[in-house]
Amino acid sequence: MKSAIKLKVNGDDHELLVSPNNTLLEVLREKLGLTGTKQGCDLGACGACTVLVDGESRLSCIMLAVDAVGKEIITIEGIEENGHLDPLQAAFVEKGGLQCGFCTPGMILTARSILNEEARPTEETIKRKMAGNLCRCTGYKKIVEAVMTANEQTGEGA
Amino acid sequence: METKFNVVGRRLPMHDAAAKVKGSAQFTADLTLPGMLHGKILRSNIPHGKILHIDTSRAEKLPGVKGVATGKEIPDRLYGIVPKARDEYALAKEKVRYIGDDVAAVCAVDPEIAEEAVQLIKVDYEELPAVFDPLEAMKEGAPLIHEGVLNNTSFSIRKEFGNAEKGFAESDFVFEDSFFSQAVNHAPLEPHAALAQYDSLRGEVTIWSSTQIPFFLRRNLSSTLQIPESKVRVIKPKVGGGFGQKIDMFAKDFCACWFAIKLGKPVKFVYEREEVFISTRQRHPMYITVKTGVKKDGTILAQQFKAHADGGAYNSTAPTMIALSCFFLMIPYHVPNLVYEGHHVYTNKPVGGAMRGHGIPQARFAVERQLDMIAERIGVDPAEIRMKNSIHAGEPHPAKFIINSCGFFDSVKKAADAIGWKEKRGKLPFGRGVGLAGASFPSGVSNMSHISSGAVVQLGQDGAVNVLSGAADIGQGAETVISQIVAEELGVLMEDVRITAADTGVTPLDPGTFGSGVTVRAGNAARLAALEAKNKLFEFVARKLEANPEDLVAANRKIFVKGSPETGMTFKDAIKGYQYADLPMPIVGRASWFPPATEPTTLFKEDGNFAPSYSFMTQSAEVEVDLDTGRVKLLKMATAHDCGRAINPMLVEGQLEGSVVGGMGQALYEDVIVEKGQVMNPSFLDYGFPTFLEMPEIETLEVETDDPIGPFGAKEAGEGTQLSPAPAIVNAIYDAIGIDFKELPVTPEKILRELEKKRG
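Residue numbers (our numbering), protein chains in the order written: chain A, 6 to 163; chain B, 19 to 778.
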């Protein structure tokens with residue numbers, strides 16, 4: 006039985022008819038057309054489906070849509086402000102912290118949640134907290150550089 | 019290296035980087051079409067058997083199901099990426115050959131119904147004896163996997179250069195050692211997907227596919243669907259990594275088109291991660307024996323190489339893979355007398371295919387490991403033995419390779435220095451060590467049919483440039499590199515160039531992304547097309563300036579007489595002038611590029627040059643072995659790569675870093691574990707490739723050469739670096755604990771077992 010729920014995604018309320026077993030990932034991609042959130046494994050093992058739920062990174066492939074009711078969901082499409090890239094997005098571009106781009110939205114959102122949580126985390130902290138996000142292209146080095154760059158810029162701005 | 023270029027050699031972001039960070043870059047699974055249906059594949063759950071009967075009636079009756087297909091209905095057309103090795107049907111006819119083989123396909127209004135319908139299909143099999151090891155499969159009396167393929171050996175190569183027997187007789191020492199490389203999955207983050215749509219009036223099918231080879235896919239679809247190539251249009255959206263795994267047609271491609279044609283509706287297939295692990299491709303497991311004869315000083319006099327590749331159930335790239343494995347024994351070392359023998363053997367297991375390095379990483383693991391073992395046995399330094407035997411540019415080559423540029427010698431030196439070789443090798447405390455290993459890789463191939471690229475460059479009225487290229491960017495940045503090449507040639511800025519790539523209905527022919535030929539092949543085509551357009555414009559500008567066209571140069575959106583930048587005009591004014599002079603618009607340049615070759619180069623039977631150019635590289639590693647747990651920590655990896663001139667050093671570094679970490683997985687962690695034909699670890703969690711936590715310190719070292727054939731001197735950068743991280747790491751483990759591992763991966767269990775033995 007489908008039920009009607011209300012989800013707040015990227016600042017907007019959406020009324021949706023979902024099945025109890027629909028994951029947040031399915032609803033974002035298939036019902037809201039927010040395909041920036043990727044499905045890499047559907048098992049919570051790669052981080053490509055990462056979104057922010059009340060500011061914290063969550064794996065949308067293992068979170069039920071009904072469990073996201075009443076929460077603030079931010080996807081990769083929702084972190085630009087007034088048409089300006091988030092400092093993390095800009096740093097990933099500038100530092101070459103991406104190749105194929107499939108893991109990139111998840112990487113950026115996990116990094117966003119780390120930077121939201123902690124001012125100026127160390128490189129070690131970043132590596133530890135991002136270990137659930139897999140990348141097969143970059144070897145991670147330029148991703149770490151990108152996050153560190155955004156980290157420094159955020160610090161300066163603050 | 020000092021650069022005289024404006025756009026080439028610059029660390030520019032990928033041209034589609036913004037789309038990728040915003041989540042607006044569209045991959046195949048992200049696409050939807052009105053009325054789209056969803057497909058699913060039923061896969062074999064037995065390793066080997068005859069299909070007696072398939073009952074699809076219950077699936078057909080399930081509400082929401084729109085179509086079911088089995089091998090019976092589809093045309094009797096085998097396919098395969100290598101024409102002479104075709105052995106596969108999109109859906110199995112008569113027999114299944116591995117757990118995961120494609121048996122039937124369903125399409126329905128949503129993916130859940132398709133999934134449910136697949137489970138309602140009943141297949142009756144007559145199970146056949148199966149075989150899981152290539153050496154067993156070759157034996158008399160082993161189960162025959164493909165009719166008519168004797169000893170399950172689908173392809174063999176044997177060739178001798180010089181006189182190996184004489185070389186061994188003249189050697190001071192002869193050593194023979196055996197090695198094994200495991201199955202590795204490419205594990206691109208994007209699972210394979212396809213979406214097809216049919217125009218019944220025109221009889222034309224369009225497919226969006228996560229493919230590395232749009233034009234080869236078109237050919238395979240045309241042949242298996244039995245419709246003309248001109249009626250198949252392949253569009254490559256963003257591809258989320260491939261590493262060779264997407265160099266093939268898969269059931270999802272064929273079935274999406276098949277149902278789209280039958281039902282007149284768009285159909286999408288997206289593989290699950292488990293299907294990517296089991297039913298696509300993997301790096302071939304390989305048994306290798308190497309016999310090497312050396313002089314007292316370490317000079318190699320002769321080498322004999324014997325390889326048996328576990329091909330799994332089908333050929334895929336078999337002949338190419340095993341041939342590459344053998345050919346690249348001829349570089350980067352001078353081997354005057356060489357005999358090689360390679361066999362591709364079928365087993366009832368997942369299918370081997372091209373994977374980053376394509377047959378060569380396995381060979382390099384064996385050769386580079388043995389070279390270290392030899393160095394130790396005869397008392398020569400491992401770095402010295404590599405430099406001593408290094409080939410050099412311009413030298414006559416025993417197999418008639420033409421080496422126009424070669425930075426191998428320098429790469430050994432640089433990689434050794436970067437890891438602190440002199441201070442550390444043999445001098446670190448027990449448990450810690452350094453090692454290195456070298457390799458070489460082609461930049462595409464010479465003189466083979468279909469391996470040719472085209473490009474079209476059109477100059478817009480406002481000075482912007484449109485490029486059409488058939489090159490398949492799968493995340494490595496091919497479109498960016500080609501744009502930089504065009505911008506440099508035309509003297510415009512990077513942001514002036516827009517590229518449209520890989521749509522067989524729009525862009526010119528290109529073989530796609532494999533064999534590391536894209537920058538050289540598609541880059542040269544694009545450069546020549548830009549040159550043709552530029553020449554048209556120069557002729558006009560020369561008349562205006564009363565100069566010779568040969569004296570003109572274009573840079574930073576200006577065209578001027580060489581040496582006097584003040585005498586000239588802007589690119590935009592030149593185009594405007596051209597237009598008002600009533601010259602035909604638009605200005606278009608077109609080119610096709612085929613690597614130069616003067617001799618037969620299939621190399622299967624005759625000698626000759628293999629590739630337009632060759633890259634050279636050395637990796638060095640420092641490791642720390644935890645003597646209590648057996649865990650290896652890779653502390654540092656240095657990689658020195660001769661890629662000619664780097665068109666975009668930032669992208670080159672990205673390629674090298676990704677390759678190194680992939681090679682680290684091959685060395686220490688990754689293994690597709692198969693028991694009785696069943697893959698035991700088909701998920702990211704169970705398979706376990708390197709994460710942020712394992713990532714070593716990586717130092718990339720430039721070894722720039724200026725190659726005469728590549729565009730602006732560029733050579734391969736994406737693939738060669740994955741050849742030798744594994745032997746470098748395992749060589750470092752030897753330095754750390756004095757144990758010679760000859761089988762990959764070197765897991766903590768193996769290390770503890772050997773340490774135990776050593777302690778007695």
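Hints are supplied without guarantee of correctness; some may be wrong.
Unchecked claim - Here are the simulated distance ranges between beta carbons: (1) A:Gly88 / B:Leu49: 33 to 41 Å; (2) B:Phe612 / A:Glu61: 31 to 39 Å; (3) B:Glu413 / A:Gly49: 34 to 42 Å; (4) A:Glu128 / B:Gly523: 41 to 49 Å; (5) B:Arg649 / A:Gly60: 51 to 59 Å; (6) A:Glu123 / B:Leu96: 26 to 34 Å; (7) B:Lys440 / A:Arg133: 31 to 39 Å; (8) A:His89 / B:His410: 28 to 36 Å; (9) B:Glu130 / A:Glu61: 26 to 34 Å; (10) B:Leu281 / A:Gly60: 23 to 31 Å; (11) A:His89 / B:Arg649: 41 to 49 Å; (12) A:Glu122 / B:Gln244: 53 to 61 Å; (13) B:Val606 / A:Gly60: 46 to 54 Å; (14) A:Asp17 / B:Ser582: 53 to 61 Å.
Keep in mind that the hints were calculated from the coordinates and are not lab data. Only a predicted model underlies this, so the values are computations on that prediction, with no experimental measurement involved. All residues carry an ideal CB built from backbone N, CA and C; glycine is no exception.
Against the structure, the hints come out as follows:
no.: 1; hint: A:Gly88 / B:Leu49: 33 to 41 Å; in the structure: violated, 25 Å
no.: 2; hint: B:Phe612 / A:Glu61: 31 to 39 Å; in the structure: violated, 55 Å
no.: 3; hint: B:Glu413 / A:Gly49: 34 to 42 Å; in the structure: violated, 55 Å
no.: 4; hint: A:Glu128 / B:Gly523: 41 to 49 Å; in the structure: holds, 47 Å
no.: 5; hint: B:Arg649 / A:Gly60: 51 to 59 Å; in the structure: violated, 35 Å
no.: 6; hint: A:Glu123 / B:Leu96: 26 to 34 Å; in the structure: violated, 58 Å
no.: 7; hint: B:Lys440 / A:Arg133: 31 to 39 Å; in the structure: holds, 34 Å
no.: 8; hint: A:His89 / B:His410: 28 to 36 Å; in the structure: violated, 53 Å
no.: 9; hint: B:Glu130 / A:Glu61: 26 to 34 Å; in the structure: holds, 29 Å
no.: 10; hint: B:Leu281 / A:Gly60: 23 to 31 Å; in the structure: violated, 45 Å
no.: 11; hint: A:His89 / B:Arg649: 41 to 49 Å; in the structure: holds, 44 Å
no.: 12; hint: A:Glu122 / B:Gln244: 53 to 61 Å; in the structure: holds, 58 Å
no.: 13; hint: B:Val606 / A:Gly60: 46 to 54 Å; in the structure: holds, 52 Å
no.: 14; hint: A:Asp17 / B:Ser582: 53 to 61 Å; in the structure: holds, 59 Å
Taken one by one, the earlier hints fail for this structure at numbers 1, 2, 3, 5, 6, 8, 10, listed in ascending order.
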